[in-house]
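Put together the whole structure using the sequences plus the hints.
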Amino acid sequence: MVSRDLYAQLQAVVVKRRGKAVLGPIDLDLSGGGVTIVLGPNGAGKTTLLKVLHGVERVTSGSVSWSVPAKTAQQGQAYVFQSPIMLRRSVRANLAYPLQLLGLPKSEIATRVAHWAARIGLSAELDVPAPRLSGGEQQKLALARALIRRPDTLFLDEPCANLDGRSIREIEEILREATEGGARIIMTTHDLGQARRLADRVLFLNKGQVEEQGESEAFFTEPKSPGATAFLNGDILE
Amino acid sequence: MSEIWAGMAEAFLLIWSLDADLIDITLRSLQVSLSALVIACALALPLGTWLAIRRFRHRRFVIATMNAFMGLPPVVVGLIVYLLLSRAGPFGVLGLLFTPAAMIIAQVIIITPLIASITHQAMRELWSDYHDLLISLNTTHGQRIATLIWDGRRTLMTAALAGFGRAIGEVGAIMIVGGNIDHVTRVLTTAIALETGKGDFALALGLGFVLIALSLCVNLAIHTLSRTEREGRW
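Chains as they are written, first to last, in the working numbering: chain A, 135 to 372; chain B, 17 to 250.
What the hints contain is simulated information worked out from the structure, not anything from laboratory work. Take these hints with a grain of salt, some might be off.
[Claimed, not checked] Selected chain B positions facing chain A (Cβ under 7 Å, derived; list incomplete): (1) Asp148; (2) Leu149; (3) Ile151; (4) Ser152; (5) Asn154.
[Unchecked claim] Computed from the model, here is a short list of chain A residues facing chain B with C-beta under 10 Å: (6) Ala212; (7) Tyr231; (8) Ala276.
Beta carbons are placed, not taken as given, at the ideal position from N, Cα and C, and that holds for glycine.
What follows is the structure, encoded as structure tokens:
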């Protein structure tokens, strides 16, 4: 792990696609650990913000800086996509892959793979091709593959979309363990119940702008912006 | 029609009697074509994969050129390699003309664009699946190429087999640069051309059937060894 007091600063960040701004301009300071939930309606720029923070989406203008050099910051990060991307390999090889990239010794890789396979309940499926797992199993595997590197910061893009209740509970349990272990989580979700259960802080995006941010409890009990109030009331935001 | 039956009978006889010349020619065909295949794969698989993952200026032009080179006329390739390797040519000092090495060089030039092009098509699809993950894992270009080639190896087998098929059946270029010298550069295809020219159609057809059987055996062996059917379900 890189550093526990890692923070990110976005200054006048704008992301445009085909000439249209999908995010920004945004000024944002992200510091502290715990779970930050990014909320907002479809097309608000949540995924784009996560990708910008992770460094896989280029900004059209503005700057993103971390308290450590960008390369160091990215090495301490992991990203779980909304649709899990499975390598066309076995469960074991999928878990081992990020560790092989880090050049860890085989014994260390085997130990961590066995631990995480047991943690997500896939010990018996280690040699099964990962693309043949169910959706819930694939998402848990993607999460384990991200956490097996012991990242400082974990980005999750709608990790529980289209999953059944049991899988959601298991994933939330793993996320709690990760934060207790010191990892910072920044995730998007459409599930307000999940946001209430997990969030320490909330970032509310609407039309590519940060409309509101703050402590979770304050956000859910007394939202300040009209957009956030409408969103929490279940109104349709255009 | 009777000539085809006679050819089949001749092929059977040649194989049954383990004809020394046939074994010599067959082994040389395999040696030349498999050597060319290995070299071409070493060049074409990384090249095709690199073209699938890299974005650069004139990329489309490079891909279009590579695709166009799939149809390179073997006779022209043979002529160019001949001129390069002949005494007066820039590589004449190497003394490679009329050797199996010259035939391998010609075949590598012919099949590399074919393998690279099929590889590019296959890797483009796999890259679109893997793109976000491999970028997010901060992989180097080398790691991305290695990952795609490893995970797409069964698809790439098709590219390699297409290359082998083109190489083993090639006659124009290797006739020019090899010279069809008995016990030195004679292979199945050049032997067929020679026997046809001599009017011995039965023997030519017999050799043709041996060539087809050889190609079939190599394909089946590679499929079996790579377990293409059994594990093609990823």
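Now the hints, each set against the structure:
Restraint check, B/Asp148 versus chain A: the minimum CB separation of about 6 Å is within 7 Å; hint holds. Using the Cβ-Cβ criterion of 7 Å, the hint placing B/Leu149 at the interface with chain A is satisfied: the shortest such distance is roughly 4 Å. Contact between B/Ile151 and chain A, as hinted, is supported at the beta carbon level, the nearest pair being about 5 Å apart and thus within 7 Å. Against a cut-off of 7 Å between C-beta atoms, the interface hint on B/Ser152 holds, since the closest Cβ of chain A lies about 4 Å away.
Of the supplied interface hints, the one on B/Asn154 holds, with its beta-carbon coming within about 5 Å of a beta-carbon of chain A, less than 7 Å. Here the hint on A/Ala212 is kept, as its CB sits about 7 Å from the closest CB of chain B, short of 10 Å. Proximity of A/Tyr231 to chain B holds as hinted, the smallest CB-CB distance being about 8 Å (cut-off 10 Å). For A/Ala276, the suggested interface contact is upheld, since its CB lies about 9 Å from the closest CB of chain B, less than 10 Å.
Checked against the numbered hints above, the structure breaks none of them.
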